[in-house]
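Q: In the order they appear, the protein sequences are chains A and B.
Counting in full-length UniProt numbering, the first sequence runs from 1 upward without gaps.
Counting in full-length UniProt numbering, the second sequence runs from 1 upward without gaps.
It should be emphasised that the hints constitute simulated quantities derived from the structure, not laboratory data.
Warning: the hint list may mix true and false statements.
[To be verified] Computed list of lysine-lysine pairs in DSBU-like fashion (alpha-carbon distance at most 35 Å, straight line): (1) A:K103 / B:K384; (2) B:K17 / A:K67; (3) B:K222 / B:K408.
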Amino acid sequence: MSEKDKSKSGGQAKHIPKDAQVIMSIMKEVGITDYEPRVVNQLLEFTYRYVTSVLDDARIFANHAKKKTIDLDDVRLSAQMQLDKSFTNPPPREVLLEIARVKNVNPLPLIKPHCGLRLPPDRYCLSSCNYKLKPATKKVITKTTITPSPSIKTVTTSKAPQQTVVMKRPPGAIVNVGTPKTSLGTKPVLKFSSSSKVVKPAVRVTAGPSSQAPIKMETDEPMSHKRKREDDDYDL
Amino acid sequence: MSEKSTPLLAVLQLLRKYNLKSTEDILRKEASLGDVECESLDLPEVELASILTAHHTESDPFTYELAYDGLKKFIENSLDLYKYELSTLLYPVFVHMYLLLILYDHVEHAVSFLEKFGIEQEDYYQEDLKKLSIVKHKDQIKGNELAEIYSTNKFTVQLSRDASSQLKRYLHEQKNSSVIINIINNHIQIEVHDGPGRTQAQVRATAGGVLGEPMKSENRTKVYYGLLKEPDIQVLPAPVEDEEEVEETPDKPKKKKAKKDNLFMKKPKSDPNAPPNDRIPLPDLKEIDKVEKGKALREASKRVQLGPDSLPSICFYTLLNSGHTAISCDICDDSTLLAVGFNNSNIKVWTLTPIKLRGMKSAEKLQDIDREAGDVLVRMMEEKDRDTCRNLFGHSGPVYKVAFDPFKTMLLSCSEDTTVRLWSLQCWTCLVVYRGHVWPVWDVRWSPHGHYFASSGHDRTARLWATDHHLPLRIFIGHYSDVDCIQFHPNSNYIATGSSDRTVRLWDCLTGSQVRIMTGHKSTIFTLAFSVCGRWIASGGSGGDMMVWDLSTGGPAASLPPAHTAPIHALAFSRDGTVLSSGSLDCTIKLWDFTAITDESPIEETLNNPIPKEDKYLLQSFATKSSPVKGLHFTRRNLLLAVGTYESSA
Numbered sequence: 001m002s003e004k005d006k007s008k009s010g011g012q013a014k015h016i017p018k019d020a021q022v023i024m025s026i027m028k029e030v031g032i033t034d035y036e037p038r039v040v041n042q043l044l045e046f047t048y049r050y051v052t053s054v055l056d057d058a059r060i061f062a063n064h065a066k067k068k069t070i071d072l073d074d075v076r077l078s079a080q081m082q083l084d085k086s087f088t089n090p091p092p093r094e095v096l097l098e099i100a101r102v103k104n105v106n107p108l109p110l111i112k113p114h115c116g117l118r119l120p121p122d123r124y125c126l127s128s129c130n131y132k133l134k135p136a137t138k139k140v141i142t143k144t145t146i147t148p149s150p151s152i153k154t155v156t157t158s159k160a161p162q163q164t165v166v167m168k169r170p171p172g173a174i175v176n177v178g179t180p181k182t183s184l185g186t187k188p189v190l191k192f193s194s195s196s197k198v199v200k201p202a203v204r205v206t207a208g209p210s211s212q213a214p215i216k217m218e219t220d221e222p223m224s225h226k227r228k229r230e231d232d233d234y235d236l
Numbered sequence: 001m002s003e004k005s006t007p008l009l010a011v012l013q014l015l016r017k018y019n020l021k022s023t024e025d026i027l028r029k030e031a032s033l034g035d036v037e038c039e040s041l042d043l044p045e046v047e048l049a050s051i052l053t054a055h056h057t058e059s060d061p062f063t064y065e066l067a068y069d070g071l072k073k074f075i076e077n078s079l080d081l082y083k084y085e086l087s088t089l090l091y092p093v094f095v096h097m098y099l100l101l102i103l104y105d106h107v108e109h110a111v112s113f114l115e116k117f118g119i120e121q122e123d124y125y126q127e128d129l130k131k132l133s134i135v136k137h138k139d140q141i142k143g144n145e146l147a148e149i150y151s152t153n154k155f156t157v158q159l160s161r162d163a164s165s166q167l168k169r170y171l172h173e174q175k176n177s178s179v180i181i182n183i184i185n186n187h188i189q190i191e192v193h194d195g196p197g198r199t200q201a202q203v204r205a206t207a208g209g210v211l212g213e214p215m216k217s218e219n220r221t222k223v224y225y226g227l228l229k230e231p232d233i234q235v236l237p238a239p240v241e242d243e244e245e246v247e248e249t250p251d252k253p254k255k256k257k258a259k260k261d262n263l264f265m266k267k268p269k270s271d272p273n274a275p276p277n278d279r280i281p282l283p284d285l286k287e288i289d290k291v292e293k294g295k296a297l298r299e300a301s302k303r304v305q306l307g308p309d310s311l312p313s314i315c316f317y318t319l320l321n322s323g324h325t326a327i328s329c330d331i332c333d334d335s336t337l338l339a340v341g342f343n344n345s346n347i348k349v350w351t352l353t354p355i356k357l358r359g360m361k362s363a364e365k366l367q368d369i370d371r372e373a374g375d376v377l378v379r380m381m382e383e384k385d386r387d388t389c390r391n392l393f394g395h396s397g398p399v400y401k402v403a404f405d406p407f408k409t410m411l412l413s414c415s416e417d418t419t420v421r422l423w424s425l426q427c428w429t430c431l432v433v434y435r436g437h438v439w440p441v442w443d444v445r446w447s448p449h450g451h452y453f454a455s456s457g458h459d460r461t462a463r464l465w466a467t468d469h470h471l472p473l474r475i476f477i478g479h480y481s482d483v484d485c486i487q488f489h490p491n492s493n494y495i496a497t498g499s500s501d502r503t504v505r506l507w508d509c510l511t512g513s514q515v516r517i518m519t520g521h522k523s524t525i526f527t528l529a530f531s532v533c534g535r536w537i538a539s540g541g542s543g544g545d546m547m548v549w550d551l552s553t554g555g556p557a558a559s560l561p562p563a564h565t566a567p568i569h570a571l572a573f574s575r576d577g578t579v580l581s582s583g584s585l586d587c588t589i590k591l592w593d594f595t596a597i598t599d600e601s602p603i604e605e606t607l608n609n610p611i612p613k614e615d616k617y618l619l620q621s622f623a624t625k626s627s628p629v630k631g632l633h634f635t636r637r638n639l640l641l642a643v644g645t646y647e648s649s650a
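All chains, full assembly: derive it from the sequences and hints.
A: Here it is as structure tokens:
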């Protein structure tokens, strides 16, 4: 399309296509005068991508409403959907005023005489026990205990601040995993060595309260693969 | 879009509001308007009213320009006494004329109207006009934030009695064109005050708020701006300790004792403007805190008295290799720790004294220590785990503000990831994540007495939290735009917020209601500082303008000359409240004579002698070598510490 436009505006010295000129005029209107030339290209790409996705959605809506052609309403609806997905506005003032009215009526709670830090109830703090993968040790792994592990990985989403998952194993079997490199601050490692319970680790880990670090889970993924490979080694 | 007339659509909306379905259908059929869903105006009530009341005049676009021109000429020709006040009327009239032209689909007229008269508006409104100029269609009014603010709220204009009667007379003469009258009735709130017409300087001092000046009623609530009585000072064994010290330094025992006595003598007098100590629940001081307080008082007695003749020394901490990464910084009250928040979501805490930062012992070791020992707090810490700098990881977005609590045990940080995190300075880990803001949080501050903290964010709210509640205790709603900065009053009963809507508001922690609104800034407000006595508040804006407000009235204390040329991000009062320091991104620190600024003698006409005023307030200006100043802090002995990042190349 840009070639066609180039030929149309062939007389211009710089051969700037019409779409790019539109973008440049928009920028001028908004008041931006200082920008790198590549910005125009990027904005063009973004515009193209945005318009095609809006029209795609509009086509889907038109099909859903059993219409032959895309209608203005379809386009409007799909633009609104895009807007809601990418940008949400803060709630309108009336809603906020209503919330404030309800909230501010409660008297300020009295402060209990208490030594030490005053923190919210434990489930809202990050003060629960820490978990860490035990370093690799040369022990045999039973195949049955491995299968839960991938599911654990997927189940425990974003639930580990500076912490890593500990695998509790039935007595005698210690998981052969390497400790993931953690760049986070040192934290006392509490190893779970109680072997009387044969509890599924998945349950344990998901019970971890209000903790996050989704990144951590991703680094654990290679671990499970690594473990699987090692299992294969042993099996062979 | 459809060419259906706006008044008809407005009538339809009204009918829909009153659920008159059959009438609506008949009207649609007769006016051949088509289906229910597609043609609909979604306007706020006020706009609807304005359309319906005067549709026969508003439909003619040419009258707008003539009316505005006429109003402008009338104001220019009026007496100086009224001119400046009346000129504040021009902007709201202009904005609403533009919006009405858009509403009535006269887009070309609207654009030419904007071009012709837009440039003549005040400089601080030009940014807003740019945002408004994007609105080119009536559907876009709802989406545009500024247009919505203007169409749903009334703009306040303050006029003296004579000026308002002049205006009434002029409007009465304009019988044929009722455009302006309708705009004033529907969108502008004219408040008449008994007093002489204000001068240009006075008008300019309070102009700039997004919805004009505050109404008198908004600034009438009683504000307890005094400081709290400190009951523990009499209880403190400090006098005993001081006597011991006195024996140690026999050279000047009497001087010290006299100073101490002065401090003690001041407090018992009850301040009528001070709130009762139990107005809001405040935490009791623990034993260690009382010891700390005693130490602080002793430090305070060694303080250097500052004034125009004795300026503070400045110690500047430059952060190297962090020009574009270090965002915010804070120094704790006894000036021993420095925390910096970075845009890669790290927080670093440095020690500013030779004492290194120690971590706490592990759980097993803690069980072995003697809990009854006097120095248990020292034994708690692990000797081997010491460092001059500690990293705190946990946020997932740039850290916009860090704040030490008054007792140096915890650190708060707020970030673009919408959370506020509480960190322990003993374990160096995150303790709590406070979730509530769903948008970036711009500022977080501790109360001077600890336990409470306040945060403000992009969602136009400010919230009061306590460390032991996971939900906010109070939500302060009122700003029309992001709340960029927040600050506690020294008595912890009030919170001040500054916002992108160019207003500074004071909120009561007890009720959550707004008690003061102060306009006058010409740009977003980035930093606030309360004076030591609690009666005044200084605010710094993104245009480099600094203003000082008197909380008892809500008005500006004095007109300050333009302070800086770049946004001001740091304001600090000296410990005795005599010198105000301001640091800005233009790499300078300026010192101001605060006692002169708040001198209650009548303000002279600045028209006669502008230059001496500037000399009077500005004491000294210190320039750094391309290091924007990000933080300022007065130590207990009145040494000024400043923190900035070194930006090597422009």
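Q: Of all the hints numbered above, which does this structure not satisfy? Sort the numbers upward.
A: Of the numbered hints given earlier, the structure breaks just one, which is hint 1.
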